[in-house]
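Listed below are the residues making up each chain.
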Amino acid sequence: MSLQSWLTRHAQTLIGSLGAIVREPGGALMTMAVIGVAMALPVFLAVLLENSSAATANLNQGFDISVYLKKESARSRAPALAELWRGRNDVASVRVITADAALAEFRERSGFGAALDELTDNPLPDTVVVTPAVSASNPQGVADLEKVLAAAADVETVQVDGAWVNRLNAWLDILRRIVWLVAALLGSGVVLVVGNTIRLDILNRRSEIEVMKLVGATDGFARRPFLYSGVWYGLGGGALAILIVASAVQFLTGPVATLAALYGSGFKLQGMDVDVYLGVLGCAGSLGWLGSWLAATRHIRAIEP
Amino acid sequence: MIRFDQVHKRYPNGREALAGVSFSIAEGEMVFLTGHSGAGKSSILKLIALIERPTRGQVFVAQQNTNGIKSRGVPQFRRQIGVVFQDHKLLHDRPVADNVALPLIIAGVAKREVDKRVRAALDQVGLLGKERSRPLELSTGEQQRVGIARAVVGKPQLLIADEPTGNLDPDLALEIMRLFKRFNDVGVTVVVATHDLNLIDQVGARRIGFREGRVEAAGVGARGVEAPGAPASAAIGSVSNS
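Protein sequences appear in the order of chains A and B.
Residue numbers for the first sequence follow numbering that gives the first Met the number 0, beginning at 0 and rising by one.
Residue numbers for the second sequence follow numbering that gives the first Met the number 0, beginning at 0 and rising by one.
If we strip away everything but chain A, and leave its shape as in the complex, we get (with noise of 0.2 Å):
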């Protein structure tokens, strides 16, 4: 057989499978439903989570350390220690709040001031607060900065004030783990259904499949026009679950943009990418066909004229 032959027989069994499933949308429809709800739901998941990773990405940024230093050392300490960081590559700037001034400052704020002038003494330590480079504003680039902070002279304790960065981090890391479970679980699924429908078909065209076997036909020529069709399930599956999220990104792009706001932040809820959207047209046809060629491959090898 030609190349040509063989690609026109190809495009003509493609462009028939599709004919088909158009004659009579019924079932197929119904199949594509299925495969869209199922699809939809972890791409869906993954969007929020981009967003939610797209959201946080520049609280990285905000990753400041604060260096309490010694109670008893002498205060003119401190100066020293924010000159000596302020040279160092991964230190972005350095800022010395004195015992007098962050007393001053908890007087404003907290409303105990008469209380504070019972103190004969400042309980207060001088603190350097060090705001990493952005070359380090990363966990482990923070925790070496950390290291050192810590190992200097006068040092009381070191505490960082994005912790709570890296435990949402750690969160998404899980979340999107998630994710993928939910994605296997439910393209599982899609070969299922697929597979199911495929079984289906072939049982409808039984007849069909014997005069061609009688003919001639290899399982692989019979199983052809139900491989397409599964691609073409999975494909119509997978242009609905893309359908699905961009509704639903689009349903809650103003409630997102509000909420961002009272933040004060300009976050904008994004929809997904063009090659997310190939992406999950091209899972959802390759699901499709492995479905269908576990369903037809077994199903046609038992039909016998």
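Hints are supplied without guarantee of correctness; some may be wrong.
[Said to hold, decoys possible] Not everything, but these chain B residues come out facing chain A in the computed CB check (under 10 Å):
no.	residue
1	50
2	53
3	73
4	75
5	84
6	106
7	107
The set of hints was computed from the structure by calculation and includes no laboratory data.
In this text, a Cβ means the ideal position worked out from N, Cα and C, and glycines have one as well.
Starting from the structure of chain A, add chain B where the hints point.
Coordinates of chain B only, in the frame set by chain A:
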């Protein structure tokens, strides 16, 4: 072309369809298999087309021992045989041309060649111009001729038919048989299973009779016309009753 050697066929339900059948059919011959239903003639055709396999014994088709053909080789094997069924086995949702073209498409023949050969086959059975009709729009006789066109479109050297005239009135039946004779005239080996002895007499060809799974009788129809290139009287000698 065909040789059966001590062939037994027992179906899974326990029925013994063939009990040690031996005969041979020469290349270019036309042979009728006769007998009551259940006598074994359908089983013979199924064994030739590898729809069934013998329980014991050997079946040779075109110098090939079919026992040696694995299931993977069956499609390729069937492409060298044209098969005509009593119930036509047409695809009712496709036009006549597509039905006839099916064996060529399966074999991967190029599109232009397919169109040409489909028209030639339809011309041979007298259905030129019916390409776009659906099988159910045709009469039973015409449907059977579509089935014959599909069987011969791949230019097989062997044509087998199981009760091809079973549903037809006598005139149409004779017409179909003459069609088979014409293919035989151009060198195709033709094997037809039928219970219509009257028809055989009118066409004239070697007959192999079956009764209860055994070869019962062989001979040429009373008003037999010997097929050219296949001396029927000589072929009788190769039939042995077991």
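Hint-by-hint comparison with the structure:
1. Hint on residue 50 of chain B holds. Least Cβ distance to chain A is approximately 5 Å, under the 10 Å limit.
2. Among the interface hints, the one on residue 53 of chain B is violated; its C-beta lies about 16 Å from the nearest C-beta in chain A, farther than the 10 Å criterion.
3. Because the beta carbon of residue 73 of chain B sits about 8 Å from the nearest beta carbon in chain A, less than 10 Å, this interface hint is met.
4. For residue 75 of chain B, the interface hint holds, since its Cβ comes within 10 Å of a Cβ in chain A; the closest pair sits about 7 Å apart.
5. Residue-level restraint check for residue 84 of chain B holds (minimum Cβ-Cβ distance to chain A is 8 Å; threshold 10 Å).
6. With a least beta-carbon distance of about 7 Å to chain A, the hint placing residue 106 of chain B at the interface is held under the 10 Å criterion.
7. At about 3 Å, the closest approach between the beta carbon of residue 107 of chain B and any beta carbon in chain A falls short of 10 Å, and the interface hint on this residue holds.
Hint check: a violation occurs at hint 2 only; the rest are consistent with the structure.
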